[in-house]
Amino acid sequence: MGKAGLIRIAVILAAVLALEIACRTGAVPPSAVVPPSAMLASVYEILTTGEIAHDLRLTLTAVVIATIIAIVGGFFAGLIIHGLPRLRRTLAPLLAAYYAIPHLAFYPLLIVVFGLGLGPLIVLASLLGIMAMIIATLDGLDHVPRVLLRTAAVLRLNRWSEMMLVRLPAAFPHLLSGIKLAFSYAFIGVVAGEFILSTAGLGHAISFAYDNFQNRRMYGLILIAIGLVTLVNTTLLVGERRLLTRRGMR
Amino acid sequence: MTNEHVSFRDVEQVFPARGKQDPVHALGPISFAIRPGEFFSVVGPSGCGKSTMLDVMSGLTRPTRGQVIFEGSPLDGTVPDGIGVVFQEDASFPWLTVWDNVAFGLRRRGVDAAEIRRRVDYALSFMGLAAFTKAYPSQLSGGMRQRVCIARTLVMQPRLILLDEPFGALDQQTRLLMGDELLRLWRETGATIMLITHALDEANLLSDRIGVMSARPGTFISIVETGWAKDRDSTLAELPEFGAVSSRLWALLRSESMRAMGQHAASRSSLAGKAA
Numbered sequence: 344m345g346k347a348g349l350i351r352i353a354v355i356l357a358a359v360l361a362l363e364i365a366c367r368t369g370a371v372p373p374s375a376v377v378p379p380s381a382m383l384a385s386v387y388e389i390l391t392t393g394e395i396a397h398d399l400r401l402t403l404t405a406v407v408i409a410t411i412i413a414i415v416g417g418f419f420a421g422l423i424i425h426g427l428p429r430l431r432r433t434l435a436p437l438l439a440a441y442y443a444i445p446h447l448a449f450y451p452l453l454i455v456v457f458g459l460g461l462g463p464l465i466v467l468a469s470l471l472g473i474m475a476m477i478i479a480t481l482d483g484l485d486h487v488p489r490v491l492l493r494t495a496a497v498l499r500l501n502r503w504s505e506m507m508l509v510r511l512p513a514a515f516p517h518l519l520s521g522i523k524l525a526f527s528y529a530f531i532g533v534v535a536g537e538f539i540l541s542t543a544g545l546g547h548a549i550s551f552a553y554d555n556f557q558n559r560r561m562y563g564l565i566l567i568a569i570g571l572v573t574l575v576n577t578t579l580l581v582g583e584r585r586l587l588t589r590r591g592m593r
Numbered sequence: 375m376t377n378e379h380v381s382f383r384d385v386e387q388v389f390p391a392r393g394k395q396d397p398v399h400a401l402g403p404i405s406f407a408i409r410p411g412e413f414f415s416v417v418g419p420s421g422c423g424k425s426t427m428l429d430v431m432s433g434l435t436r437p438t439r440g441q442v443i444f445e446g447s448p449l450d451g452t453v454p455d456g457i458g459v460v461f462q463e464d465a466s467f468p469w470l471t472v473w474d475n476v477a478f479g480l481r482r483r484g485v486d487a488a489e490i491r492r493r494v495d496y497a498l499s500f501m502g503l504a505a506f507t508k509a510y511p512s513q514l515s516g517g518m519r520q521r522v523c524i525a526r527t528l529v530m531q532p533r534l535i536l537l538d539e540p541f542g543a544l545d546q547q548t549r550l551l552m553g554d555e556l557l558r559l560w561r562e563t564g565a566t567i568m569l570i571t572h573a574l575d576e577a578n579l580l581s582d583r584i585g586v587m588s589a590r591p592g593t594f595i596s597i598v599e600t601g602w603a604k605d606r607d608s609t610l611a612e613l614p615e616f617g618a619v620s621s622r623l624w625a626l627l628r629s630e631s632m633r634a635m636g637q638h639a640a641s642r643s644s645l646a647g648k649a650a
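Chains as they are written, first to last, in our numbering: chain E, 344 to 593; chain S, 375 to 650.
Derived by calculation from the structure, the hints in this document are not laboratory data. Each hint should be verified, as a subset may be incorrect.
[Claimed, not checked] Stretch-level coverage of chain S by chain E, calculated; a stretch enters the list once three of its residues show a Cβ under 8 Å from a Cβ in chain E: (1) 450-459; (2) 475-489; (3) 505-512.
Just so it is clear, the structure is predicted and the values come from calculations on it, not from any experiment. Cβ coordinates follow ideal geometry from the N, Cα and C atoms, glycine included.
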């Protein structure tokens, strides 16, 4: 690990330690924040008793399905939009303004349409994630160096081979950032939806603990949520770094 | 076959007007032929249509008017079998190892695995890349990457190789060495080579004939015959005849280069006029 990494860890540890001291000395009341050590103990209890397993399974199911829909749907939508310049010009302002829409506000409507359960969560989370993938796909295909396409023409590749063997591999780093973003958005979408209105799931469990003044449990659950996202993101990041290093982009 | 490997017949290239810009008459009308097995270079002031000529000759671009005849048949807007192109920019695929880069074209042609291995290994050792087969292009220098691209072209066993300022991005010493390698490759393969360059000494050293281009729209002002022996190398540069050819090329190009610069200045001042 580099020097920057060590400093980063030192800063985080110092912040956690400061919070611990602030909580223990009573400077921060336990009704607001519980000490980090108590949060960790709470994570341990929640995970060892296995009581959260059911909620976690529901949340992850929704996240995985929504992420797949966002990635696959976004990729193909991006491919089509890229292939039709006129459609792209028409859609451009909509693509740009997409994330200004408060998608969560439509969640109650989605419940009316799809009923309470995984359905509306998956729709909400896919909607949140799909545009990141569309934009990443467009971006990647836009940035394929012209000389590589000319090389494909000299080697007499047909359109299909050119797409599969030149355009997509060249665009892959962009696609990977799209995948990373799509997952993050999908996770936010599912947990936020559960938080607002749901009968189960990680978001619901957090909201339930909050409503019942179970601070210790609430922070434990939040920590679990953060841990999950960090795990997935770090895995993708490591893969991305390896790829970029190999391509000399870092 | 006739004494013409590839020929231009009244070829003209005009790029249509885009937006408020006038159409650009880039090339021609121009007619000439390159002989089988010849090393032909094209020099000319910047923006004279050298690269356009390469695009048209390879079949990447269909000319506005006229015809390109390659081995007796006219090009139809695609790159025919038998033509290889090495571009000025780095065209190696960054996601493939050196070996896979070089094998890329052969694999698309359904050549069997043993033959692919034989040709790729040979091309790699010929280009001095045998120690880097498992490396990725990002781990190589610019000169090495250009060698990868040349090797990738070589394995296809092209009969006509077009090179668009392939050493443009390299330093002077590397250029000289690559020049010698290019001569070695030319003798070994027996291929016809057309090299586009802006370096007069490079063109002089490498070529049997050198086409000197005019400012836009590009045509040949003159085609200079060098008369060098086939087994030449960069030591040629020490001969007095070499200097004579170089000064001849420069004399031909001087006024054209000044005209080309004048064109640029004129188009700039007309732009300024519009802005005012």
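Right, here's what the structure says about each hint:
no.: 1; hint: 450-459; verdict: holds (count 6)
no.: 2; hint: 475-489; verdict: holds (count 3)
no.: 3; hint: 505-512; verdict: holds (count 3)
No hint from the list above goes unmet by this structure.
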